[in-house]
Amino acid sequence: MEYADYDSKKGKYFNPVIVEKVLEVNHLVKHFGAVKAVRDVSFTVYRGDIYGFLGPNGSGKSTTIRMVLNLIRPDSGEVLLFGQQLSHNRREVLSKVGALIERPDFYQYLSAYQNLDILAQYSGIKHKRDKIMELLKVVDLQDRANDKVKTFSQGMKQRLGIAQTLLHDPDLIILDEPVNGLDPQGIKDIREMIVRLNSEMGKTLIVSSHILREMELISNRMIVISKGKVVVEGEVRKLLESDTQQLTLITTDTSKALKLLLEKFPDYTFDRNLLDELHAELPTDVIPSINEALVNAGIGVKQLITRNNLEDFFLQNT
Amino acid sequence: MGTLIKLEFSKLFKREITYIGFIAIFLIVVIIQIGMFIEGQKLLDFLVKSMADVFVFEGSLINTYSVTYIILNSLWLHIPILVAIVAGDMVSGEAGRGTFRLLLTRPLSRTQLLTAKYITAQAYTSMLVVFLMVLSLGLGHFFWEPGDMMVLMNTINILDVSDIWWRFIGAFAYGVMSMWVVAGLAFMFSTMASNSLGPVVSSMSVLILFTILSNFSIGIFEVLKPFLFTTYLSGWQLFFDDPVDWNIIWKASAILILHISVFYAVALRIFTKKDITT
Numbered sequence: 001m002e003y004a005d006y007d008s009k010k011g012k013y014f015n016p017v018i019v020e021k022v023l024e025v026n027h028l029v030k031h032f033g034a035v036k037a038v039r040d041v042s043f044t045v046y047r048g049d050i051y052g053f054l055g056p057n058g059s060g061k062s063t064t065i066r067m068v069l070n071l072i073r074p075d076s077g078e079v080l081l082f083g084q085q086l087s088h089n090r091r092e093v094l095s096k097v098g099a100l101i102e103r104p105d106f107y108q109y110l111s112a113y114q115n116l117d118i119l120a121q122y123s124g125i126k127h128k129r130d131k132i133m134e135l136l137k138v139v140d141l142q143d144r145a146n147d148k149v150k151t152f153s154q155g156m157k158q159r160l161g162i163a164q165t166l167l168h169d170p171d172l173i174i175l176d177e178p179v180n181g182l183d184p185q186g187i188k189d190i191r192e193m194i195v196r197l198n199s200e201m202g203k204t205l206i207v208s209s210h211i212l213r214e215m216e217l218i219s220n221r222m223i224v225i226s227k228g229k230v231v232v233e234g235e236v237r238k239l240l241e242s243d244t245q246q247l248t249l250i251t252t253d254t255s256k257a258l259k260l261l262l263e264k265f266p267d268y269t270f271d272r273n274l275l276d277e278l279h280a281e282l283p284t285d286v287i288p289s290i291n292e293a294l295v296n297a298g299i300g301v302k303q304l305i306t307r308n309n310l311e312d313f314f315l316q317n318t
Numbered sequence: 001m002g003t004l005i006k007l008e009f010s011k012l013f014k015r016e017i018t019y020i021g022f023i024a025i026f027l028i029v030v031i032i033q034i035g036m037f038i039e040g041q042k043l044l045d046f047l048v049k050s051m052a053d054v055f056v057f058e059g060s061l062i063n064t065y066s067v068t069y070i071i072l073n074s075l076w077l078h079i080p081i082l083v084a085i086v087a088g089d090m091v092s093g094e095a096g097r098g099t100f101r102l103l104l105t106r107p108l109s110r111t112q113l114l115t116a117k118y119i120t121a122q123a124y125t126s127m128l129v130v131f132l133m134v135l136s137l138g139l140g141h142f143f144w145e146p147g148d149m150m151v152l153m154n155t156i157n158i159l160d161v162s163d164i165w166w167r168f169i170g171a172f173a174y175g176v177m178s179m180w181v182v183a184g185l186a187f188m189f190s191t192m193a194s195n196s197l198g199p200v201v202s203s204m205s206v207l208i209l210f211t212i213l214s215n216f217s218i219g220i221f222e223v224l225k226p227f228l229f230t231t232y233l234s235g236w237q238l239f240f241d242d243p244v245d246w247n248i249i250w251k252a253s254a255i256l257i258l259h260i261s262v263f264y265a266v267a268l269r270i271f272t273k274k275d276i277t278t
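Read top to bottom, the protein sequences are chains F and D.
In terms of our numbering, the first sequence opens at residue 1 and continues consecutively.
In terms of our numbering, the second sequence opens at residue 1 and continues consecutively.
No wet-lab data here; the hints were simulated from the structure.
Among the hints, erroneous ones may be present.
Chain D is nowhere near these chain F residues, computed Cβ spacing over 12 Å in every case [to be verified]: (1) Gln108; (2) Arg129; (3) Gln164; (4) Gly234.
Listed next, the stretches of chain D that the computed footprint assigns to chain F, with coverage defined by at least 3 CB atoms under 8 Å from CB atoms of chain F [stated by the list, open to error]: (5) 33 to 46; (6) 93 to 105.
Note that beta-carbon positions come from the ideal geometry of N, C-alpha and C, so glycine has one too.
Okay, chain D solo, but in the shape it has when bound (with noise of 0.2 Å):
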């Protein structure tokens, strides 16, 4: 399984498509640093000028961690989507190109190649989200100094310096396993066609209505609620209140991982039935 997976990674890093994310977010977390540098103030003064009247604020409210915060706020829509493009081609892919008659007409099963393509998949994941957080804060540190963040949830958190590391290491976990569900989606998809843009496209169809459903509270659709992984995916936030409720961002995280494994059994059981046409 070793070689399959260390195969699977030397053919995606070959691929120009597989850079997409990394320069898109490199891209987008160096836009907003700079942003933020020039005018992050301003932008900073008008959020919390309704609470200057109850609250005194000594120094400055922009550091490493509240800007690394609001990228994260402002990203978490992107990733979906370039998670989607790299999970959604690596069976479509194969299929599409013609690779498939060579791949399966080896001496090894179908169960292991589909195990290994979605092991790379998830970790190419798991990469684009370290790399989101190894390049916001390592940026965070170079433009401003650590310092306590404010976090405007349903409360208002004030977080000591001290006592915000672990969180973002937290939260970042959660995020690599929410972005697992949505690989895992994009991947079972992938396994139903033989293009990369019906995958990616059906992957971010679902999303959008999960999360519509998600938000809505209509009496029906509360129901479905607990069982939609779009109602989880921004858990990563709950790493930022105080105290941490811990109860909710275990249920989550079993949600998430029973999509995850969920996912992983049906693109199986379609790869292994399927028939190679194309």
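The following block holds chain F by itself, in its conformation from the complex (with noise of 0.2 Å):
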């Protein structure tokens, strides 16, 4: 469905209109020798997405992000940036996309300040000095503008990185694995920046990572390749509100509870495991009456894990 307007906080869309396809994948095909790194991949993004590209690693991700922007040619396929093709209309299309590619490799001899100057130059920036000390005050590194690059942290080179994605203010932002080798505390920044840049600033936003929890925390919608190909597409919430959940039981008394639970739900299968853990794919409104029975009967819950279809994906291939 086109959209114009997300809720977060209903996971509603609304305001349904025709948006602008800010970017149309269709197809795409790129073979290294005799590896196949991306087979038939085809996507669309529209204005206002915050867009998860998720995958393993060595999925594809990477390649087809690096198609998107002209970095690699595709053996076959299309990449439509704004309606345009990059390689017919380079420098209109590329006016409007910020991009950090995998490492944020900077000039390592150059100041935070040097460095973003040089790429605000290269992006035609004029009256630029203001720009960059702005940028450097929205990545929170306004005190380190004159401190060589190769004296920064990962987290930092990381918020550098975005913030060179800012210089020419473009529409659409992409963000190849941002939160690659960050603590913690990094990934939290990262995370907010992005959001940031969505809600406050009105960017369009494609963020690849290998994670499913940072992509379903930050994007509304996303894709999943895997060994090139796409396993599955659409809006995260739907893809997340799988029907059917599995469970995982950790209680007081596991064979009492594993009695219990085949007389009482006669419908389901229940396995118990060597760990002593019971597991059973379930309807997700049936979970809260596991609980409630197995409380009743005075059996205690330790633990009671759920995990949808595409987590289980995940745990598999990442």
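Since each chain sits alone in its own frame, please combine them into the complex, following the hints.
This is the structure:
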């Protein structure tokens, strides 16, 4: 569905209208020798999206993103950014796109300010000093503006990487694995920054990651690819709202719990594993009844863990 | 394009490696000049010993110009290495550092970026040769007086002091052009690699191989000789012939320019088609 706005609290899209397609990828294919890196990948990103690009390491995420930006030439397929082919309208299209691809590699012998200054000039930006200082403030690096990048931590480089994507005030920002190598605080900082860029500055973002939890927290739509192929694509909430859940139960008395559950819920299969855990695949709405039945029978529930199928896919592939 | 070239220069001169060439030339020229100042007369006496029975030499043959000529002869082998170190890093260095991912996602074309880098590499090469000229002649004037210059080629040329300056300017201009070929070669290899060492080693290997082929007087290599750029690298010496054979100089210049253009075209072709995977 095409829509104008998304209410993250209600988890609903509203004002359905025809909205601008910021990026349209059609049937991208790329081989590196005998290795099929990307196989027929298609997806669409709309204005206002935080679009999660998910997949295990080596699944073809970075190759796809590099093809989107024309850093790698596809064997076949088409990429339309703002309705135009990058190869034909490079300057115009790239003036609307900011990108941080994999590691934030800067000129180590230059300061944060000098790096942004050079990149601003490559982008043809004039009157750049105020802009650069403003961006360094946005990413909380204003106090390190004149320090050489080689003295920066990974988290600081990632933040500087995000600052450079904003230099020419692009409509679309592409961040490839922006939380790689960061500590929990660094991950939280970047996550908050991404949400801020979207909600406060109105940017459309494509964020790739191999961590489902990260994408689940920030994106409204996502694509999952594995071994170069699209596994699933759509709205995050719908993808995660699976009808069935994988349930893992740890109770104070496993034997008694198993007997009770088999009696009370004869339509479902319960398995006991070597770790004395009970496993079952159940409809989401049955799970509270199971908890209630156990508690009423005086069986203590130590842990009740549910996973949806998307998480299962990820656990198997990452 | 002007902004891009300015940016490339700015990046180039903020790196320490850029100054290695200037420092090396400075040290070599100073050492040779001091050496010639102390022992030069003995060396020259030895060189012209066999001619002493035929010619009568009045005054000293060592002067600003003869020492500069000797320096040029001895340095012409080293400058290609210094040029290749920088030109070979222009593209491969960005690939190795991963900074192409930043540059090529900005609103500029690959052709523009590569052309700016090529011009910068060639400008750096020119600066290196001009630095050599200014330093050699400048220090030469400091240590000695200008005077007539004797050049031993196929014949012995005695060049009048009033007839030398234009020859040096011509020789250095030609020298710049021949070093552009070396820089162009290293630059071309630079578009194929993602580390700086490969292009430097590759271009030096080609230079050595072609130089050997250029100096072999064997039938099959004789056919190749006119097409090898190494055949013309030492053409700057032609400016010290008397009279100067302009036909050979123009022909050699045309072949060198052809090489410079071909190396640029190949580099451009490779770079515009290249997948940026680093």
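These are the hints, each one checked on the structure:
{"no.": "1", "hint": "Gln108", "verdict": "8 Å, violated"}
{"no.": "2", "hint": "Arg129", "verdict": "16 Å, holds"}
{"no.": "3", "hint": "Gln164", "verdict": "7 Å, violated"}
{"no.": "4", "hint": "Gly234", "verdict": "28 Å, holds"}
{"no.": "5", "hint": "33 to 46", "verdict": "violated (count 0)"}
{"no.": "6", "hint": "93 to 105", "verdict": "holds (count 9)"}
Hints 1, 3, 5 from the earlier list are contradicted by this structure; the remaining hints agree with it.
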